[in-house]
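Residue numbers (the numbering used here), protein chains in the order written: chain A, 1 to 417; chain B, 418 to 583.
These are calculated hints, taken from the structure and not from any lab test.
A portion of the hints provided could be inaccurate.
Stated by the list, open to error - Simulated pairs of lysine-lysine, DSS-like, Cα-Cα distance not exceeding 25 Å: (1) B:Lys553 / A:Lys51; (2) A:Lys148 / B:Lys503; (3) B:Lys576 / B:Lys426; (4) B:Lys466 / A:Lys390; (5) A:Lys390 / B:Lys527; (6) A:Lys8 / B:Lys581; (7) A:Lys244 / A:Lys8; (8) A:Lys148 / B:Lys581; (9) B:Lys553 / B:Lys575; (10) B:Lys581 / A:Lys72.
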Amino acid sequence: MGKTISEKILSEHSGRDLNADDFAIIRVDLCLLQDGTGPLAVRQLEQLGIKDVVNPQGIAVFLDHAAPSPRKELSNDHITLRNFARRTGCYLFEIGEGVCHQIMSEMFTSPGDVLVGADSHTCTGGALGAFATGMGSTDVAVAMGLGKTWFRVPRTIKVVVNGKFRPGVFAKDFMLFLIGTLGAEGATYKAIEFTGEAMESLPMPERLVISNMAVEAGAKAGIFASDKMTKAYLKLHGREDKYKELRSDKDAKYDKEIDIEVDKLVPMVSMPHTVDNTKPVEKAGKVKAHQVFIGSCTNGRIEDLRVVADIWKGKKRDTDTRVIVTPASKDVYLLAAKEGLIETFVEFGATVTTPGCGACVGVHGGILGDGENCIATSNRNFLGRMGNPKGYIYLVSPATAAASAIKGELADPREYF
Amino acid sequence: MILRGKVWKFGDDISTDLIAPGRYFHLRSDLNELAKHVLEDADVEFAKKVGKGDFVVGGRNFGLGSSREHAPTIIKIAGVSCVLAKSFARIFFRNAINIGLPVIECDTDKLAAGDELEIDLEKGVIKDLTSKIQLKFAPLPKAMTQILSDGGLVEHIKKHGEFKIE
Numbered sequence: 001m002g003k004t005i006s007e008k009i010l011s012e013h014s015g016r017d018l019n020a021d022d023f024a025i026i027r028v029d030l031c032l033l034q035d036g037t038g039p040l041a042v043r044q045l046e047q048l049g050i051k052d053v054v055n056p057q058g059i060a061v062f063l064d065h066a067a068p069s070p071r072k073e074l075s076n077d078h079i080t081l082r083n084f085a086r087r088t089g090c091y092l093f094e095i096g097e098g099v100c101h102q103i104m105s106e107m108f109t110s111p112g113d114v115l116v117g118a119d120s121h122t123c124t125g126g127a128l129g130a131f132a133t134g135m136g137s138t139d140v141a142v143a144m145g146l147g148k149t150w151f152r153v154p155r156t157i158k159v160v161v162n163g164k165f166r167p168g169v170f171a172k173d174f175m176l177f178l179i180g181t182l183g184a185e186g187a188t189y190k191a192i193e194f195t196g197e198a199m200e201s202l203p204m205p206e207r208l209v210i211s212n213m214a215v216e217a218g219a220k221a222g223i224f225a226s227d228k229m230t231k232a233y234l235k236l237h238g239r240e241d242k243y244k245e246l247r248s249d250k251d252a253k254y255d256k257e258i259d260i261e262v263d264k265l266v267p268m269v270s271m272p273h274t275v276d277n278t279k280p281v282e283k284a285g286k287v288k289a290h291q292v293f294i295g296s297c298t299n300g301r302i303e304d305l306r307v308v309a310d311i312w313k314g315k316k317r318d319t320d321t322r323v324i325v326t327p328a329s330k331d332v333y334l335l336a337a338k339e340g341l342i343e344t345f346v347e348f349g350a351t352v353t354t355p356g357c358g359a360c361v362g363v364h365g366g367i368l369g370d371g372e373n374c375i376a377t378s379n380r381n382f383l384g385r386m387g388n389p390k391g392y393i394y395l396v397s398p399a400t401a402a403a404s405a406i407k408g409e410l411a412d413p414r415e416y417f
Numbered sequence: 418m419i420l421r422g423k424v425w426k427f428g429d430d431i432s433t434d435l436i437a438p439g440r441y442f443h444l445r446s447d448l449n450e451l452a453k454h455v456l457e458d459a460d461v462e463f464a465k466k467v468g469k470g471d472f473v474v475g476g477r478n479f480g481l482g483s484s485r486e487h488a489p490t491i492i493k494i495a496g497v498s499c500v501l502a503k504s505f506a507r508i509f510f511r512n513a514i515n516i517g518l519p520v521i522e523c524d525t526d527k528l529a530a531g532d533e534l535e536i537d538l539e540k541g542v543i544k545d546l547t548s549k550i551q552l553k554f555a556p557l558p559k560a561m562t563q564i565l566s567d568g569g570l571v572e573h574i575k576k577h578g579e580f581k582i583e
């Protein structure tokens, strides 16, 4: 019987022939820690009595959730992580270098890898053909200390996407639509594999958006087969030698198959307070935009910022709407500066912040006031997410967020395309 | 193991942002302090009034969202002996087992706030001593039982020196 990508990768990393539902001990290539989950992982490793990590070159620690630190407690957590990185020889990404998933994709994740991260959006790496999944601090501590973890091999939902995206409609809209269709637990314990002509023609930055949000349908992984887009992305980041051909066998067994045509897809929004509470922007009614946030591991890439700058060029924000732009990494920030995008943002009236996760996760830099709405390009709109349980978060694409900042309310971006 | 306590009832989609809010991010290295705010945005009285051994009882997709292991950890620190829900998000479920907090999937509609429960984890039986009904639940996968019975993943690895699961 044929195998899915997940079954292939996990078999290769266990030395056994594995199929969906099997339990197995799996060799881990890459581990990720960030400043919200890392200190606990370091303490758990101490509890285990393990001093050295198995493969320091496969571990990356990111100071991104509190960057720069707004509190002394978090500054002390940063000290813990810096000391850990220095002592073990693993990679440390300082404040300002970027959001963990962006840098993992740029520098580390390759087709066929097993990546475990103490961050739920670690599934972003599936876009590159890796088996990448989020876990807790203790799981990742053990993976660092022993070089392995345990998995139940997931069943796979095959999502076949055909057609062509219309102007003003993006991967984000597709993913919000899919999550609305599957429901927030529609893929729990499962992998989702994305295929079909609309996915094959999708460049890596858009694929990263889709894999990133697989967890919002409950999935363990959101995987793409590797292909010329994967190769092009790896080459762009000087890692073309890491390319490996990887796809599911034709006779692989799937849990179910979902077919979607993107021709009719329109800009989508997730209404408060669950990600699967989706509807077309044009049917969402009037939603005042007190704040617009463009950034996060979902939509803070250079391609997103270019879309936003194209819409904003020569315009001003609505006077009652404040706007925050957070590039996903230092490289994205630099490129945006070189291309003149930062100038466009500042002239538009936006605040450009340090690459990081602070606004999205409600730590600092964009916390909502009571009763306020945020139109955000991030991935979660749970009650309290952006630091205030009395705030309301609407998830959209960068184009929709950009249009909303001009109009002062949730707005369909298609008139700008 | 027999667990006894009172039901604290919550709805569907209790996210890790509700269990361990991001605005207390700075307390993540002070778990006892963070535990004073556990589930605060879902029930402001919970952290103050929960008793030792009590049960958190949710609906569908309990623990969805972030990977923060602090969420099940502070539920445990608050004194809760077990979380029951109709279904759990994957990472929360795995984290709960790893830190030694039992989790049970069952039809929680039958359990009311304030009910006294007696739960036999090995036999898979929940007795509601208030309403006099009895519920059964399927045992955990063996890999998880092995980790849970050792007291969590840290204790499991310390005891065996490696993964000892089937």
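Going through the hints against the structure:
no.	hint	result
1	B:Lys553 / A:Lys51	violated (43 Å)
2	A:Lys148 / B:Lys503	violated (31 Å)
3	B:Lys576 / B:Lys426	violated (36 Å)
4	B:Lys466 / A:Lys390	holds (23 Å)
5	A:Lys390 / B:Lys527	violated (31 Å)
6	A:Lys8 / B:Lys581	holds (24 Å)
7	A:Lys244 / A:Lys8	holds (13 Å)
8	A:Lys148 / B:Lys581	holds (12 Å)
9	B:Lys553 / B:Lys575	violated (33 Å)
10	B:Lys581 / A:Lys72	violated (40 Å)
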